[in-house]
Every structure is written in C-alpha cells, then in structure tokens.
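S.K.: With chain P fixed as given, assemble chains S, R and W onto it according to the hints.
The residues making up each chain are set out below.
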Amino acid sequence: MQLEFTHEERAFRAEVRTFIAEHYPADVRTKQDQGIELGKEDYLSWHRIVAKQGWSVPAWPVEYGGTGWSATQRHIWAEELQRADTAPIIAFSTNLVGPVIYTFGTPEQKARFLPRIVAGDDWWCQGYSEPGAGSDLAALQTRAVRDGDHYIVNGQKTWTTLAQHADWGFFLVRTDPSARKQAGISFLLIDMTSPGVTVRPIITLDGAHEVNEVWLENVKVPVENRVYEENKGWTCAKMLLAHERSGIALVAHSKVALGKLRKLAATIGEPGCRLADDPIFRRKLTEIEVELTALEYTELRFLAAESAGKAPGVEVSMLKIRGTEIYQRISELTLEVPGSHASLRVSRATAHASGHDAVAVPSAIGVADTYFNLRKLSIFGGSNEIQRNILAKAVLGL
Amino acid sequence: MQLEFTHEERAFRAEVRTFIAEHYPADVRTKQDQGIELGKEDYLSWHRIVAKQGWSVPAWPVEYGGTGWSATQRHIWAEELQRADTAPIIAFSTNLVGPVIYTFGTPEQKARFLPRIVAGDDWWCQGYSEPGAGSDLAALQTRAVRDGDHYIVNGQKTWTTLAQHADWGFFLVRTDPSARKQAGISFLLIDMTSPGVTVRPIITLDGAHEVNEVWLENVKVPVENRVYEENKGWTCAKMLLAHERSGIALVAHSKVALGKLRKLAATIGEPGCRLADDPIFRRKLTEIEVELTALEYTELRFLAAESAGKAPGVEVSMLKIRGTEIYQRISELTLEVPGSHASLRVSRATAHASGHDAVAVPSAIGVADTYFNLRKLSIFGGSNEIQRNILAKAVLGL
Amino acid sequence: MDFNFTAEQEMLRDSVARYFGDHYAFPQRQAVIRSEEGWQPGFWRGLADDVGILGAPFDEAMGGLGGGAVETMIVMEEIGKALVIEPYLDTVVIGGGLLRRCGTPRASELIGGIIAGEVRLAFAHLEPSSRFNLAGVTTSAVQDGSTWRISGLKDAVRGAPFATHVLVNARVRGASGDRAGVSAFLVATGATGLSSREYPTVDGSRAADLKFEGVSAEILGPAGQGCDLLEAAVDEGVVAICAEGVGVMRRLLADTVEYTRQRRQFDAPIAANQALQHRMVDMYIALELAISMTYMATLKLDRPVLERKRAVSAAKVQVGKALRFVGQAAIQLHGGMGMTNELAVSHYFKRATMIESELGSVDHHAARIEQCDAAA
Amino acid sequence: MDFNFTAEQEMLRDSVARYFGDHYAFPQRQAVIRSEEGWQPGFWRGLADDVGILGAPFDEAMGGLGGGAVETMIVMEEIGKALVIEPYLDTVVIGGGLLRRCGTPRASELIGGIIAGEVRLAFAHLEPSSRFNLAGVTTSAVQDGSTWRISGLKDAVRGAPFATHVLVNARVRGASGDRAGVSAFLVATGATGLSSREYPTVDGSRAADLKFEGVSAEILGPAGQGCDLLEAAVDEGVVAICAEGVGVMRRLLADTVEYTRQRRQFDAPIAANQALQHRMVDMYIALELAISMTYMATLKLDRPVLERKRAVSAAKVQVGKALRFVGQAAIQLHGGMGMTNELAVSHYFKRATMIESELGSVDHHAARIEQCDAAA
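Residue numbers (my numbering), protein chains in the order written: chain P, 1282 to 1679; chain S, 1282 to 1679; chain R, 21 to 396; chain W, 21 to 396.
Everything labelled a hint here was simulated from the structure, so no lab data went into it.
Backbone N, C-alpha and C define an ideal beta-carbon position, used for all residues, glycine too.
It cannot be assumed that every hint is accurate.
To be verified - With a cut-off of at most 27 Å between alpha-carbon atoms, the simulated DSSO-like pairs for lysine-lysine come out as follows:
no. : chain 1 : residue 1 : chain 2 : residue 2
1   : R       : LYS341    : P       : LYS1544
2   : S       : LYS1674   : S       : LYS1591
3   : P       : LYS1321   : P       : LYS1391
4   : P       : LYS1541   : P       : LYS1565
5   : S       : LYS1391   : S       : LYS1513
6   : R       : LYS341    : P       : LYS1565
7   : W       : LYS341    : P       : LYS1565
8   : W       : LYS341    : S       : LYS1541
9   : S       : LYS1513   : S       : LYS1674
10  : W       : LYS341    : P       : LYS1536
11  : P       : LYS1519   : P       : LYS1391
12  : W       : LYS341    : P       : LYS1674
13  : S       : LYS1536   : S       : LYS1312
14  : W       : LYS341    : S       : LYS1536
15  : S       : LYS1544   : W       : LYS341
16  : P       : LYS1541   : R       : LYS341
17  : P       : LYS1501   : P       : LYS1513
18  : R       : LYS341    : S       : LYS1536
19  : S       : LYS1519   : S       : LYS1501
20  : R       : LYS341    : W       : LYS341
21  : S       : LYS1565   : W       : LYS341
22  : S       : LYS1391   : S       : LYS1519
What the hints assert, rightly or not - A short, non-exhaustive set of chain S residues, derived as facing chain R with CB atoms under 8 Å:
no. : residue
23  : LEU1284
24  : VAL1571
25  : ALA1575
26  : ALA1585
Claimed, not checked - Across the chosen pairs, the derived CB separations fall in these ranges:
no. : chain 1 : residue 1 : chain 2 : residue 2 : range
27  : W       : ASN24     : R       : ALA395    : 57 to 65 Å
28  : P       : LYS1591   : R       : PRO289    : 35 to 43 Å
29  : S       : PRO1552   : P       : LEU1284   : 42 to 50 Å
30  : P       : LYS1591   : W       : GLN163    : 52 to 60 Å
This is chain P alone, in the form it adopts within the complex:
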C-alpha cells in the first residue's frame, strides 16, 4: 500500500496542468469569470485545442484516437480539467456515442463519424429520455418504422442536454412495438438538421438553457445510420451505462467550490467577526471537507482496484451518490454566505447586464443560480434513488 502517485504519474499531472494553463482560451475564461453563458464555439475551440494535442478521447482504443493512458492517468486528466474549471469536453460525443460506434458500428460508420468526434467537428446530443419514461428508460415510445432504406421516426425526447448546439443525435427508438420493453429498441444516429427535427428549449429553474425537448415528426433516417442490429439497440444503451466514469465523483469540482467558499467566508463580515470565524459555520466547512476527503480516497481506492485489473462495477453508483450530495452541500453552504441579502441573489446574467456587480455584495451574485442548478445532479443521469436501488441489488444481493 502506498498513498502517493508514482513519479511518472506526478510528472504526467504536471504536464497536463501546464498544458491546460498554457492553452486554455483566454476569452472563454473571461466569459466564465463574468458569468456569461458559453456558446457552441467556446466549447469547441477548447475541444479542438485538446484534439490537436491528441487528448480529446483518452479512453478510446489507440487505433481510433485514444491515448493509451492508464486508468490513473485518465483520472488525473479528468481531475485537472475539473480543477481548472474548463468548459467540458462534450461527453455525449466522446464518452457515449463514440464508444458505441467503435464497438458496434460498421467500418463505414466508424470512418465517417469517429474522426469528426475526435476532432470536435461534430457535436452530439443524446435522445434517450422521454416525457413518459424518465428513469424507466425502456418504456420509451418514440417509433421508427422501416420504409425501404429509411426509417420514419416519430416521437418526443426530453432533457436533451445542449441539443441546441448539436449537429447529430443518437436516439433510442422503438422498432418493434410488439416486443417487451428492452427488446424491440434500435439505436439510430440522426442528423439534427433533418426535416422534422425541432429543438425546443427547456428553461430550468435557475433561468438557464441547458436542456431541451426534441420533437421528431416524420424524420427520415437512412438505415445505414442504425448502429448494430435492428431491435438490439438496448445492447448499445446498456454498454454506455458501464462506460468511462472518470470524474463522476466530482471531487475536483467540489474542491474548487470549497476553496472558493472558504475564501468568500473569510471576506464576509466586519474584520474580527468574519463568517469564517463563526465556530458553527467553520464546523460545517470542516465536516464537508472531511466528507470530501473520504470520497476522494474512496475514488482512488476504486481506481487502484481498476488499475489492478478489476473492472469498475456498481461502486460507481456510490461515487455518484456521494459526489452529487457533497457538491450540492457545498452550494448550500455557499448560499449561506450572503446572509440576509437574499434578494441580492441576483443571477450572474442580471448582475453582468446591469453592471450591478460593481455595487452589490459580490458574494451574493450567482450563488442562488448555482444552488438551484445543482439540484439537477441528484436527478439526472439516474436519480440518486435509482442509484440506491442499483446498489441494493448489486452490492447487498437484495
């Protein structure tokens, strides 16, 4: 047993940290600092820089553009990206549809789609959830009917993250309505510019536009854009659930947020009675930091097991549960900082637009946005209740 990363791993961390520091686009950083919503080009400009370095799809097989990194190296890379608070590399492209295509796709599909994902030329969105399905994914009702060398697709998807930017979408659709749930589903790649595809924004409670409804009305999809066999799409969907989860515990995100919170708490209040000096508030910080440390070493422990050849199992559900709980908790504590300036919790956008940040209590700006927005963490990606169901079955044998 030993706690340290190896000399090589530490050198690797230094290398990626330097790379990020030196290459992250200054204009994107400025927008983030000012609380301006990022646009498609902001995300992609960073993706392209990473792709040029050859690191945009580290977990992929080397033949398709992967880096050949160890699990520990991938973890370090994910952590450094979180630590630097970069615009995310769109996971729907690199972690979800990419692996499905190189695992189940035809040679033509691989050649057509993979290089553009690696390079950041295509933006992918995920058409899984439906208004009537949610966590019960297999209850989906979007229909695809074969018509010669096309499918005609009709239905509605929802919670489609950043679909407003997407060039392509991967969709689960029902091709055999008579089959039982998981059977009869196919996995289609759909050009988002196809006639009949409509993307409608869903504004979340923090006022942001992150998710969308996607309506499909008589959308013609060439049969060649089906991945794997007809009615066997569930195989592709299932594979995703067990795929790359580096960073799922959000440890570096939480560390950054906790660091900011500590700084804020040290500046609020008159000198001598800073919020950071309040024993009750300080204890809350101590407790969440201990929780975060426990999560961090748990992730490392699982990582070590993975490096030693053990496949990552349902323990990732635990990392997801605790990771989201802790990150949410930090946002709760941050919400306490502005004290009674409740109504000053103006959104970042409002503050920026009105030049308000010049006069207002800076600690108040955007903290409510973040708190509201992060409620999604325990809901999306398989709610924490679903994760507990999974753990109950798999770990406890219940």
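M.R.: For chains S, R and W alone, coordinates are given in the frame of chain P:
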C-alpha cells in the same frame, strides 16, 4: 386562538402536581435515584395510592371508575406524571385490557376484572407479538382449540413487557386456522399462574430485564375468559390501536432529560471551559430544544382539535415518530457528556453495587444504559418505519 | 388553550383565498413578473377595496379591521400559497407595525394611507456588511432644522420599485453595531438625493440598491432609540414570513403528492416507492411542526421581550429547516420536471429558499436564542 | 498509488482470522466476559506463540515481524470483527508505539516482553476532568533519586485488570493543560502505593480506577517533554481503533443484510422494503467511506506532524459518524431482536458506541482539525 391553558386547567395542574409531590412513595423515589431496578410492589404501591385518589383510570367511563376529565386534563395528568418521573401506572392494565373489557366484555367479566384493574390488585401483560410475527401481528400462530368449556392453548409469545410480574395476560390466539389472517383470531384472558404458562426473561442489550418470552403449553383457559365472539378477537385488538395516547409524544420525559443534560453539561470540564460553553455542543442543545418545542405545540394543537370534538387520528403516528426520535437524540447527546471516559460508562447497577459512584465521573454512570435502552422506542409499539407506512397511507392517501 | 380560528378568521381566510384564486392564478403571476412593471397596482387596490386586508392588523379607530397577529398569519399564509410578490410584509406588517407603535398623528395618517392602498413601504434595513444585524448601520442621519438628512447605501431593498416610501434604519450617533443611536426614518421614494438601481430577484420580485445623499427624511420615534422598536416590528415580520413559508410548503407538499401519484414509472405510480412515501411523510411532519411553531410564535408576539424573541427565533429556526428540507425534497421527487421553470413547484422552491434566510437565517436565529438564554 | 495488500499481508490477515475463528467464537467470548477473570491468558499466549502478532509492528532486530501501520490495521480490523477484548491496542499499538520511540535499552527489553506475551500494558491517561486532553494532567511525578514517585488519580483505565504494567502520563511541572511538563511513566501493577478499583465496562471488557500514592515509576523519555511522544503514539492508537471500528461495522452490515433477508413479515422478507434497502445502502456507503479514511490515515502516520494530525482526526471523524449511523441502523433493522443481549449484533453495537468516543469524539477531532488549520 390562545396559548394559555384556562384558569381551571392551570388550577388542575397545580392540584395534580401537589398530589404527586405529596404522595409519591419516598422509598420508590430513593430506589430510582440510586438506579435500583423497581420491583412489582414499587409499581403497585404507587398505583394503589393513585387509585385511592380515584385517578388510576382517568380515560374510562365514569361508571367503571373513570374521572370524567377532559382530554386536556388527561394530557396534563400524563404530563405531570412524566415530569415527576414516577413509576408508570401499568398501561397494559389501564389503557389496554381495561377498555377492551368494558367495551366488549360480558357483565360478569366487567364485574370480575375491572374493579381489580382500577385498584391495582391485578397486573396485566399483553400476549400479542410472536417470534414469527412482530409488526405483522395478524401472522400469529398461537393455537387455541376448543375442548368442552375450555380452550387448550399452545404457542409462544415474545416481547412481553414485565410479564415476570403479571397476574393475568390478555392474548391473541388463533381459533380458526383455516381463516385468513385477521379472521379466526380470538381474545383470551389467561391466568398467568395456570399450569403450562412459562415466563422466560429476555435480557436487553443494556442488561435490563423488561421483556420476556411467554410459553404456553396445553394451557387450559375457561371459555368464559374469552372476550367478545370467537374468531372476532381482531375487533378488540384493533380498538386498542386507536385508544388513549396521552403522553405518547414523551414531551415531559424529554424535557426532564434535557434539563438534566443541561445541568450535566454545565458541570463537566474545568471552570471557564465547561461543555456547556462549547459553541458546537450548545448549538446541539439549542436545536433539540427547538425541535422539542415544535413537538410540544404540535401535541397541544392535536389536543385542542380533540377537545373541539375531532377524534384523534393517525396523527398520533407522527407524535410517536418525532417523540421517540427526540428522546433518543437527547440520550445521544447525554452520551457525549462523559467525553473519553467511555469505559467509565458503567451501568447504574454496577456503580451502585460497587460503591463506584463515589469516585467515578458521575456524568458517566448509566448514560450508556439509557442510550442503549431507548433504542427500543423506535422499534416497539409499531416501529417508526411502520408508523411512516401508516402515515403514508392515511395522511397522504398513498 | 385553543388553536381554532374564529368564524370571522375563517371568513377572512376564505375571502383572501377566493380573491387570490380569482386574481392571482399562476400563469397570470408569471406574466406579471416578466412584465415591465413587475407588479399589479390593480391587484393592490383590490386588497384595499375588495378584501380590505391592508387594514387587517390596525385598530378600527384608525380605519382598520381590528385584527391582530392571527389575522396577519392568515393573510401571509395565503400569500405564500399564491406566491404573491406585492409588498404586504413590508408595508402592512413591518411598516405598519412600526407606525402603530409610534402613536403620533403623522403615523396615524400614514396608516390611513396604507389601509387605503395609497402608501406602500419598502424596508431598507440592509447594508453591504450588516448581515443580519439591525444595528449594523453606518448610514447616517443628521438633524437639519425640522427635518433630517440621510446619507449612505442601503442594498437589497425588497419591493423598493413598488413603494411610495422607504423605511430606513439610520444612525444618529455611535458606531456600526451599537444598539444605541439607531432610529427609523421615512423617506419618499421621489426625494431629491435618492438614487436607485433596480433589479429582479431570483424569486420573481424586484429589489433595488438605494443611495442616499443628504436625502430629507422624517424621524419615527425618539432620536437614537429606535432599535427596540425596529426589533419588535421586525419580529412581527419574522413570524409573518414563517406563515408565508407555511403556505409555500403546503403547496410544495400537495404538488409533490399529486405529482408522484400521477407520474408512472416501471408500470406503477412513482408514489408506490416506499422510499418516496417515507420522504413525503417526513415532508408532512416537517410541515406540521412548522405550522405549530408559527402558531406558537404568533401567539407569543405580545409576551415580554426575551420570551418573544426566543419564541420568534425558535419558529424561524424550525420553519427555516423545514423550508430547506421540504423544498429540496419537492424538487427531487418531481424529478426532471422539478428542474423546469414551467411548473409552479420550482417557483415555490425558489421562494422557499429565499424565505429561509430573509430576516435571519437558521444559524442567526439559533444564536439569538442562545443570546436570550445568556441574558435570562 | 496502491491500496492493495501484499501477499504477506493477506497471509497475516488469514492467519489472524483463522486463529480468532478457532479460539474466539462468539459464545466462547460471552462465556469469558462473564467469567471471574474476564479475559483469556491462553488466547493471549497464542497471539504470541501461534500467530506471532504481538510483534507485528516491531523491527525484526527486536524480535518483531518488521511490519508497520498497515499490519496493525489488518490485525485491528480482525479484532473488531471478533470483538476481542484483550489489550492489543494498549499493549502493542499505543504502549509499543511509545516504547519504540524511546529507543533505550530498557524500552527494547520491554518490547521483547510484549512480543513474548509477558508484558501487557494498560494506558492510564484519563483523569476525572481531562476529557480528551492528553495535557489535562494533574497527576504528579516527583524525582526521588534514581526513580520517580507518582501521585494522583487515573480513572477509566481500560484493560488495567489484565495488565502487568501501567503507562501513566504524569506532570513533572506546570499546571493542568500545559503541554510542557508532561512525561510518560511506567508502573508495575503490583507496585506499593497503587490501589485499584476494578469494574466491567458496558462493552464486555474490564477497567479500573487507579489511585497512585507515591508509587515508584520509571520515566520514558526526557522529563517533561513527553507530550509530542504521547500524541504520536496515541495517533497510532486512533487509527488502529478506526480499523477496529471498520471490522465492527463489517459485521454490523453483514449481519443486518443477512437478518433482513431471512426475516419474513407480511409474506415477504423484510429486506423487500425499499426504505430498508436504502438504509442498508447508506450503511454500505458509510462503511466504504470509513474504510477509505482508515487506509488514508494509516498511510499518513509517518507524515509531518500537522499533516499526520489532520489525517488522523479526519479519519476518526468519519469513522465515528459511521459507527453511530451504522450501529443504530443495525439495531433498528433487527427490530426487537436487536434489543436482546442474545444476538451478537447488540454487542457489536455496544462496542461501536464505545469506539465512537474512545481516544476522542467526533467533535474533539473536528476541533483538532480546525486547530491544525489555524496553526498551518
């Protein structure tokens, strides 16, 4: 709306408080103070004093010995008993079997049993739970087979509180094994001195002997000791579940315990750094006191509704849940007082027997006993999980 | 001991609920908060003319309904249920409470204006570093003949864009934090030297940062002795906002129960999940306890100072915790739908979150209880 | 980074587990703790002769196995799983840790005695008002020629009835609370002037209150400079007791899962209740996090002082909270059966409860982290 009890109610409180102060047996108080387990006579001597005053069965109809008090008066009486930390009046006699007998019993049964319950001549225990049943009461398997003018009873009951003192027991037994669960059950009164009745102690984790197993082997029970119709015993059992719940929230118990805890915390540690001066511990006390206040006014609110003619409903489940949680929490906080003197958490009995209390840190004696013992509160009498199931159905319509 | 409402109080609740039902349906509210004005003058006028609740807590001699804290509680709970953003709390409860205690002819005149719907108040008590301390005041007030001159910065003044007058706590002497030397002042919103930067709040209302540069003001009460007065009025506000929180939570719970019964997953309503049922039971319990504490504090507002403060702060602690728990659970149990701006539930959640810390957070009020203990 | 055990470490775990399985089955343990002696000298001898773990953390040069903190963790986890009451922690971990650091010939001699099973130590560090403070010492030590004389009262000395020697922290100068002036001393249990009042602890062990009246003692280390030394040894003890807690929790969880799968109610195993499933998942999560923190602190015992203290205290905070939650949940889910003295689960719960506060409660260690922050 008004918060105060009426002048009459306050006078009543003063009256019962004075009565308890003046009449509670000094030798029983001494035993309690020294942590000596109370014996049967200790309980009964107090019962007889209360009976002489005419207050041993306040909720009963006046014709059988009840006081005719209002719901508020009964609440005040229950609260004052808790406040004074008296040996309890055995509820199995006065609150459980008594009401069943005066509601469903024959004139002969009433004449034979009720006066002796009122007077404290008979001690009753409850034969409901079985090793295989627990919260699923109706799954009971104790059999009673008719044999002329007797039943022959065979089976095993468990968690029978203070059965070691009982003269009589009321038992749910199965008289029709072919009927479905709740049907086919009868309600029998069994003389605990009958041949074939064996009481075996169950020692709980705190070392106390409060509960027992009761074995019934070919016990002959006269048919005249069956209450209500054969196979209709569930009607009697159900009635109990909705009966007298004064004091179920344990508010006065919790207040007494919290008061003791505050006093302890003010004496532990060097002067100037008392545990009570520690902001973290003080905040825990503040929080539990607020919780207790909320519970207290909730109980009063329900009581006011009851006084206004609304029958007490499943809200008592809520009082039970919060009341036990709060009382348990206070015992947890009390456990923190002795600090690292963990192994000094000797039992009261040990401390007393060895004269240990003279040297040891007094705050350490018995606190673990109490903490361990009170874990039962969220288990017995319908576990808090069962109570939440009840609330889910009844209040939320789920 | 009696926790029942009188027939008159039940009628008050019904009439308020009916009026809000008719004039403050959720889609209408959403349209209003997105509008230029951000509030409904006509609705406010109706509160005065149609339901008469702007006079609820004032003596009949002043033209009020002669009600008290219970009537305020009833109105505020309905305000919570309907997510009303108009400034009832600041105008009638806190402002009215302050003016009622002044007892001057000018105060009576202003109360008359409140009852008539013509005077609307905003309460400018916060400064950038005051946190929850009413005596954390650097804004100064200097006597200038028969008037006073106010200078300083007040921020996060809720409802200021809707107000005709602003109540300001300012300092006539001493340093920030001193209880002595603080008084309440009244400033007309159009006064010379008063500049305002307005903005929407996250829960649908509007607020402003106000800059006072020698603004002419009327003093309320004796100079420099206003802290007790302010605290008494704010305590009424704290209890009122607890009642609003109760109204908000009633809707959060009801909507959640309803949603989980409708919404099906894995061939059953999601309410069939025991884990969700128990969560809703805990929401119910939290709500019931919050109701009890709000009643208790409402009925203790006229008790001696220490007892009043303890009761008020205990209520805010209980209600504040309940708001956090019930709000988060409501969103979680609505799943993705709870995250959208479309459903009412997310707006109730946002208001719940704001009430948590308005007029003092859970930690602030817990500490205030401890101060009362130490002073007792 | 590597959290895997070496083959030797796996062998150590297996041999300890096997020995405990053969010689420390639950019914046997229960018979022993009710016996006059209260422990098993033969079992202790076996630890020395058959499994050799009394020398686990000592250098091979001293006759030990040459192991370290990881080996101690492995042994302590098995001790937790088997609810061993014999004084491994005080003798080998804390006592051994102290002696190892002394480096004197006498210390080596004592370590030899420990390894051979002939020296058993009790750690008398508590006084009636010391709470968790190792410098909260009033017991005095006065030099008397070549020896020292100890006077004072030490209470709650765990395992004292089984010990051959007692380790005492006593004061050579200064006042209670001063870090300077404290040293560790060694006293033979039969020494003149030492009186003992023995009693059983609630978790099945034995303890004693010890009264020292001019008792002859050997000093360990330089006079009055023992606090750092004591703290370092106690920190090893804290991490070791965390490992014991992990062992206890593994059994609490396993027993609960097993029981809820066997126990049927309403025609189904009670494990079919989703609310119970989720509770067990939370127990599992608490256990896994506690394991991680125990590993982390074990591997940081040799780091610089502040880093070591932070790591050790963080582990005790996490493990302490987990013990409370897992213990209470285990009893609750066992229903009435959990309340009986008969099932092993109630004894694991009692031990879990004691470990929570032994060598420092959650609050104590959280405060210690904050002191480290302030000192950094």
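S.K.: Look at each hint and say if it fits the structure.
M.R.: Against the structure, the hints:
1. R:LYS341 / P:LYS1544: holds, 26 Å
2. S:LYS1674 / S:LYS1591: Given that 27 Å is the threshold and the Cα spacing comes to 20 Å, the pair holds.
3. P:LYS1321 / P:LYS1391: Holds, because 24 Å separates the two Cα atoms, which is no more than 27 Å.
4. P:LYS1541 / P:LYS1565: Roughly 15 Å between the alpha carbons, so the hint for LYS1541 (chain P) and LYS1565 (chain P) holds.
5. S:LYS1391 / S:LYS1513: holds, 19 Å
6. R:LYS341 / P:LYS1565: Within the cut-off at roughly 15 Å; holds.
7. W:LYS341 / P:LYS1565: Cα-Cα ~14 Å, so holds.
8. W:LYS341 / S:LYS1541: holds, 25 Å
9. S:LYS1513 / S:LYS1674: Holds - the C-alpha atoms of LYS1674 (chain S) and LYS1513 (chain S) are around 25 Å apart, at most 27 Å.
10. W:LYS341 / P:LYS1536: holds, 22 Å
11. P:LYS1519 / P:LYS1391: holds, 20 Å
12. W:LYS341 / P:LYS1674: Holds, at about 25 Å.
13. S:LYS1536 / S:LYS1312: holds, 22 Å
14. W:LYS341 / S:LYS1536: Holds. LYS341 (chain W) to LYS1536 (chain S) sits at ~26 Å (cutoff 27 Å).
15. S:LYS1544 / W:LYS341: Judged against 27 Å, a Cα distance of about 26 Å means the pair holds.
16. P:LYS1541 / R:LYS341: holds, 25 Å
17. P:LYS1501 / P:LYS1513: holds, 20 Å
18. R:LYS341 / S:LYS1536: The hint holds at about 22 Å.
19. S:LYS1519 / S:LYS1501: Roughly 26 Å separates the two Cα atoms, so the pair holds.
20. R:LYS341 / W:LYS341: holds, 21 Å
21. S:LYS1565 / W:LYS341: holds, 15 Å
22. S:LYS1391 / S:LYS1519: Distance of about 20 Å is within 27 Å: holds.
23. LEU1284: holds, 4 Å
24. VAL1571: holds, 5 Å
25. ALA1575: With Cβ-Cβ at 4 Å, under 8 Å, it holds.
26. ALA1585: holds, 4 Å
27. W:ASN24 / R:ALA395: 57 to 65 Å: holds, 59 Å
28. P:LYS1591 / R:PRO289: 35 to 43 Å: holds, 39 Å
29. S:PRO1552 / P:LEU1284: 42 to 50 Å: At roughly 43 Å between Cβ atoms, LEU1284 (chain P) and PRO1552 (chain S) fall inside 42 to 50 Å, so the hint holds.
30. P:LYS1591 / W:GLN163: 52 to 60 Å: holds, 59 Å
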